[in-house]
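Engineer: Take the sequence shown: its letters are residues 1 to 335, numbered as in the UniProt record's numbering.
In short, the hints are calculated from the structure, not lab data. Cβ atoms here follow ideal geometry from the backbone N, Cα and C, with glycine treated the same way. Treat the hints with care, as some may be off.
[Said to hold, decoys possible] Heads up, simulated DSSO-like pairs for lysine-lysine below, C-alpha to C-alpha not over 27 Å straight-line:
1. Lys202 / Lys24
2. Lys202 / Lys320
3. Lys24 / Lys200
4. Lys317 / Lys24
5. Lys320 / Lys24
[Claimed, not checked] The calculated label-pair distances, taken between Cβ atoms and stated as ranges, are:
6. Leu327 / Arg198: 23 to 33 Å
7. Arg121 / Arg198: 29 to 39 Å
8. Arg199 / Thr106: 47 to 57 Å
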Amino acid sequence: MRILQTNLGRSRPAQDLLYQTIRKSTVAIAVVAEPYRVPDAPEWAGDTDGMVAVTWTLTSGAFAHRTRQRIRRDRMGRDGDVLVLGDFNAHSTEWGNTRTNACGRTLSNWATGLGLLWVNRGSTSTCEAWRGSSIVVITWASPDAFRRTSGWRVAEAVETLSDHLYIFMEADTPGPQTWTTGDGRGPPRKGHARPPPRRKVKEMNGDLLRAAAITTAWSWEAPTTTTETDVEKEAENLRRVMTAICDASMPRATPGTVRSRAVYWWNPDIAELRTRCVRTPRQYLRARRWRRRDEEEVSSRYRAYRVLRCSLQMEIKNAKDRAWSELIGTVDADS
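Using the sequences plus the hints, can you model the full thing?
Structural biologist: Spelled out as structure tokens, the structure:
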């Protein structure tokens with residue numbers, strides 16, 4: 001299971017790019033500090049003041065807590081796998097900063113008291129801003145979760161339209177899980193339930209569906225007992241009958257087909273601009289690290305980077321507007 005962690009800095013374009021990253025990188029759970037907004041959707045959850053949000057594409061036991069006190073209460077009453085992810089705005093040499101401040105010492109003592117281990121690896125900055133670089137986005141895990149977490153990394157080659165970079169990691173999920181992505185990516189892994197067959201609902205024949213249902217109803221025998229065994233048998237019979245009705249009225253989706261890996265407004269121009277936004281800041285960051293750096297050169301390269309980011313933001317907005325206009329035009333044409 002892939003997990004993404006970041007801080008969006010209340011930026012709408014940054015949240016737009018997050019949607020695309022989740023789809024392209026097949027992210028199961030994304031934990032976001034300072035989202036632009038928490039969508040009113042079943043796969044999103046946020047805290048009461050909108051400072052943190054969680055979104056998922058798989059069934060999971062993820063809970064969003066903002067304060068250390070609430071995390072402490074939850075951790076003290078929960079054994080097993082616990083991940084704590086967020087932007088703590090605390091510096092410590094323990095997780096790769098060049099210095100330790102008061103917040104860093106407090107955070108380290110707090111995590112130690114709860115038996116949490118920090119998952120961060122290396123010294124790559126998680127925040128790259130004009131004022132400097134730092135590691136403030138931290139991942140903590142209980143011992144059980146720590147053993148199940150791997151591949152923690154900062155994605156330096158992905159533009160986020162935020163000062164904060166994406167963090168990716170993999171987490172193994174214990175026990176049987178229901179595969180709910182529905183993207184048809186081959187057979188399930190060991191310990192995972194096989195997903196139900198997918199259908200081409202747009203090609204459904206309504207007349208055949210009704211005919212198959214009526215035919216089934218004629219031959220259906222109502223159960224005479226209600227023991228647990230009979231209920232399970234009846235549920236299996238219902239599943240088999242519903243499968244037969246669906247097979248009669250609509251084709252199954254071709255195995256191996258994958259859902260679209262792009263949001264509706266994505267296009268090659270946006271993809272190219274995003275790539276250029278990755279190359280340009282590298283030049284600016286290199287200039288900033290020069291021992292005898294030229295401040296004018298650093299400022300010039302930073303301005304070029306800002307121009308590219310503004311172009312990317314504008315292109316995203318225009319693409320969304322065009323997609324909306326096309327949708328309205330389609331609705332008007334059908335009315």
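Engineer: Is the distance from the Cβ of Arg121 to the Cβ of Arg198 consistent with 29 to 39 Å?
Structural biologist: holds (38 Å)
Engineer: Verify the proposed pairing of Lys202 with Lys320, using a straight-line Cα cut of 27 Å.
Structural biologist: holds (25 Å)
Engineer: Does the structure keep Lys202 and Lys24 at a Cα separation of 27 Å or less?
Structural biologist: Roughly 25 Å between the alpha carbons, so the hint for Lys202 and Lys24 holds.
Engineer: Can you confirm whether the C-alpha distance between Lys317 and Lys24 stays at or below 27 Å?
Structural biologist: Holds. Lys317 to Lys24 sits at ~20 Å (cutoff 27 Å).
Engineer: Would you say the C-beta atoms of Leu327 and Arg198 sit inside 23 to 33 Å of each other?
Structural biologist: holds (25 Å)
Engineer: Between the alpha carbons of Lys24 and Lys200, is the straight-line distance 27 Å or under?
Structural biologist: OK: Lys24 and Lys200 at ~23 Å, within 27 Å.
Engineer: For the range 47 to 57 Å, tell me whether the beta carbons of Arg199 and Thr106 fit it or not.
Structural biologist: holds (54 Å)
Engineer: Does Lys24 sit within 27 Å of Lys320, going by the straight-line distance between their CA atoms?
Structural biologist: Judged against 27 Å, a Cα distance of about 18 Å means the pair holds.
No hint from the list above goes unmet by this structure.
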